[in-house]
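Enquirer: Residues per chain are reported as follows:
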Amino acid sequence: MASPTSQLAPADSPSVVPPLLTGNSVEQMRAWNYSRSILTFQRWIVIIGGLTVASLAVCALCLQFGATKLDMGTVMSALSRLPDTGALDGAGGDTSAVIMLHIRLPRVLTGFLVGGSLAVVGVTLQALLRNPLADPYVLGVSSGAALGVSLAMLFGIGTTLAFLPGLPLFGFIGGLLSLVVMYQLARSRGCLPIQSVLLAGVILNAMLTALIMFITSIMDPNRSAGLMAWLMGSLAVTNYGILSSFALYVVGGASLLLQKAQTMNILTFGEETARSLGIETERVKKHLFVLSALLTGAVVSVSGMIGFVGMIVPHMVRMLVGSDHRVLLPVAMLTGGMFLVVSDTIARTILAPAEIPVGIVTALAGGPLFLYLLLWRKDQLA
Amino acid sequence: MIGANEQRVGPEVAAGSVTHEACPVAYDIQRVRFQYRSDTLPDAEWVLNDVGFQVKAGEVLGIVGPNGSGKTSLLKVLAKILTPQQGTLRLFEHNLAILPQQDVARLVAYVPQETQQPFSFTVAETVVMGRFAQRTPTLWSGGFGWEDETDITVAAHAMAMVDITHLAARLITSLSGGERQRAIIARALAQSPTVLLLDEPTAFLDLQHQIDICRVIRQLKEERGFTIVLVSHDLNLVSQYCDRILLLDRGRVIRLGHPEEVIEPEILESVYRCQVLVDRHPSSGLPRVTLPSRPVSQGT
Chain G
1 MASPTSQLAP
11 ADSPSVVPPL
21 LTGNSVEQMR
31 AWNYSRSILT
41 FQRWIVIIGG
51 LTVASLAVCA
61 LCLQFGATKL
71 DMGTVMSALS
81 RLPDTGALDG
91 AGGDTSAVIM
101 LHIRLPRVLT
111 GFLVGGSLAV
121 VGVTLQALLR
131 NPLADPYVLG
141 VSSGAALGVS
151 LAMLFGIGTT
161 LAFLPGLPLF
171 GFIGGLLSLV
181 VMYQLARSRG
191 CLPIQSVLLA
201 GVILNAMLTA
211 LIMFITSIMD
221 PNRSAGLMAW
231 LMGSLAVTNY
241 GILSSFALYV
251 VGGASLLLQK
261 AQTMNILTFG
271 EETARSLGIE
281 TERVKKHLFV
291 LSALLTGAVV
301 SVSGMIGFVG
311 MIVPHMVRML
321 VGSDHRVLLP
331 VAMLTGGMFL
341 VVSDTIARTI
351 LAPAEIPVGI
361 VTALAGGPLF
371 LYLLLWRKDQ
381 LA
Chain Y
1001 MIGANEQRVG
1011 PEVAAGSVTH
1021 EACPVAYDIQ
1031 RVRFQYRSDT
1041 LPDAEWVLND
1051 VGFQVKAGEV
1061 LGIVGPNGSG
1071 KTSLLKVLAK
1081 ILTPQQGTLR
1091 LFEHNLAILP
1101 QQDVARLVAY
1111 VPQETQQPFS
1121 FTVAETVVMG
1131 RFAQRTPTLW
1141 SGGFGWEDET
1151 DITVAAHAMA
1161 MVDITHLAAR
1171 LITSLSGGER
1181 QRAIIARALA
1191 QSPTVLLLDE
1201 PTAFLDLQHQ
1211 IDICRVIRQL
1221 KEERGFTIVL
1231 VSHDLNLVSQ
1241 YCDRILLLDR
1251 GRVIRLGHPE
1261 EVIEPEILES
1271 VYRCQVLVDR
1281 HPSSGLPRVT
1291 LPSRPVSQGT
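Those protein sequence lines, which keep their order, are chains G and Y.
Residue 246 in the working numbering is what sits at position 246 of the first sequence, and the numbering runs on without skipping anything.
Convert by adding 1000 to the 1-based position in the second sequence; the result is the number in the working numbering.
By construction, these hints were calculated from the structure, which means they are not laboratory data.
Remember, predicted model here, so these are calculated numbers, not experimental data.
Treat the hints with care, since some could be wrong.
Claimed, not checked - Under the rule of at most 30 Å between Cα atoms (straight-line distance), these lysine-lysine pairs were calculated in the BS3-like manner:
| # | chain 1 | residue 1 | chain 2 | residue 2 |
| --- | --- | --- | --- | --- |
| 1 | Y | K1076 | Y | K1221 |
| 2 | Y | K1076 | G | K285 |
| 3 | Y | K1056 | Y | K1076 |
| 4 | Y | K1221 | G | K286 |
| 5 | Y | K1056 | Y | K1221 |
This is chain Y alone, in the form it adopts within the complex:
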């Protein structure tokens, strides 16, 4: 079992201390096909069709594509929330299909696009739940499993990182969408993962917190060696903050590469079926996408 005997002493040591630092490939995905099976739809379309790529350890990979292109499904497959019908997935050279869920959760944290919670947990209670995977399974770890010093420190650190310490005692049901999203990101960080999977992490955030989260993402990569895979509709954000971009369309990988290789007008136009303007970001020099302007009639 991975990391079962590891003693985690604090957030600084916890992150990235799993046994895979030597492994240069975080995910190795080969010929993955996935469909949502149901009795009423026996011949559903493949949501992911023959998807194969690698995620390098320590990179920030952005997944983009039009609606229904399979981005979220792909992210859920990486988190072992969904199990593909065909193909192989290796997570740091472990076969994901046979890796116990708790071991996956020790390596991989997943932040869903939206979180619904009918009951009134506090923010701190929510964040501390992220520590569950790191506990050694015992008879009562799923029952009482009281938080120890490490759990509290890691949770406090995670909350401070996304600026929600002041919300700790608030109920998760009383938060705004953006605050809740940050609480869920804190819970993911409290898992002390090596890989972070984010589904539209900035969707509910205002400009300031969008930039904060993007900075946290870069810092997790640079200071802690995190591998981050994020799904976003925001091509500019992905272009500025991701090392590589994976472009999906109808469940197939269209292109994978550096922002310059993917954010190209011809490719985007063929996938998104609309006109876009691509120029350079004034300070980073990375590609920047602009939507075509509305027709402005001369002389009015």
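For reference, chain G alone in the conformation it holds in the complex:
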């Protein structure tokens, strides 16, 4: 495109320079249908509403499966007795209702909260580190939390703390420490290269796992077997007591993260841009670190190390609903919940009556996707 030299003149002679907006661009501007290119409240309601219904359906479906398959009518009639508190104690001698209310329902609900929290932590870490491969398991945050929980179990503390369930607290401290160490290891000259983040996570993971193995080896063999089963990622040990305190952590942590959704959007453009758009980045980063560690700690103390949910689910969800964290976070919560409930159903039915740790199922689903992203889509990640 060649311009005659004379037109380069800065003097704003009207014949040369068009006004700030020509009539054409004003029309363009008016005609712009913004609901197609930005997230609107209406679209948010439709997406979240739809997925809530889908989540309920998935949970109800998965309640049917287990060592004995129950039909939907039994599931529903058992569920209808839930408001009656007496039903939880005896379930009126009805075996299928006992299975439903005492075993499957708490397990499905715990699975839903665990999966949802892992996905939400994944989304948060990805925004914080600007890295689509970030995941609490891959980065060693889960191992840090597991080490905290293992230490608490070794010394028999945690369970004795009165109101605050103690184990999540130790998980939180362990997770936060490993997150901060990982961040400092990976940070070089103010940037966080994707490869360094992953490398730091791998190394941290290896060291923390060694420490956990050390703890299991000095433990009483009876207890260490239970610890090993928990470490592999399992939703087998759950009851309404654990579930209710865990739900408090999840609801609290997730709503505080949701309150930073817009901030996370801006943070994905990098810290410098975020500052120039009016974000106190240092403060926000600290909040996000603490909340991620809190959720991870709670999850790990309940279900051990379940990997890759925090990476697969956000990746799928971004392709479907876009990157705006106002929709991404709640959708990740619901989808992550559904994903883990289904994975857990597979884990407890595929070799029924025996069951395999759900962490194996998620790792087998997530590992290949992770490798695919790392190897074949390098250009997009760099």
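Please arrange chain Y on chain G, whose structure you already have, making use of the hints.
Expert: What follows is chain Y alone, placed relative to chain G:
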């Protein structure tokens, strides 16, 4: 807090309506020294060394200088992205060091040289993010904070100004460098700032869009009273479109003045350490820089 109670009704009112129209000085910078501190390099060199100057409200100031002269660092200091170790900075008579980041962002928009985004936001989503600073902080403003009519209008106007309305629904990751640069400029305009800081705004643009952006810069100054500070390697562009030029070398201000006072062969040669030819632009009469020609041997 600045402008916290202001009701912004539209782009025409929004721009330049902040409480500082009476203030003739946008930036007052005194004895600023800055270095990148790190544990491995405790005695790093001063990137900005005793820098002091004023930016007048409503002027277009161009910052030039060789590579590593501290241009970008200076611009980041002005945007409060970097905090200098010594010296004072006043933005419209407010001490920049204690001004909250959001208040800075209401007055100052910054366009970085390059933008990396690993996630697939649309162009419109990116531009609308510029509205963040103008929202009144509430419990949920950092969370949901849905865009209102004003936000949409300002964003649409900003996109039209840099000719990217047709790209609104495209993903920012799928754009060319130049298109992305214009989207980021639109985001800066959507901030409804009074001061615009641009780092190499034309670096990725073709000739047509270079000239478009330069025109937008002049028009923002003349029609909206914007104060604009831009960093560029293009001495000719700076000479044609800037009111004043600041020449930096190794973190020091070498000269500040009108293009005629700065674009002088002796000064440029001493700073850039190479020969340049300076003549006059045929239509504006402003100084024009030409690189020395390659040696052409006679008779071939």
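Enquirer: Against each hint, give a clear statement of whether it holds in the structure.
Expert: A quick look at each hint next to the structure:
1. Y:K1076 <-> Y:K1221: Holds, at about 21 Å.
2. Y:K1076 <-> G:K285: 20 Å, holds
3. Y:K1056 <-> Y:K1076: 18 Å, holds
4. Y:K1221 <-> G:K286: 39 Å, violated
5. Y:K1056 <-> Y:K1221: 12 Å, holds
Going through the hint list in order, the structure does not satisfy hint 4, though it satisfies all others.
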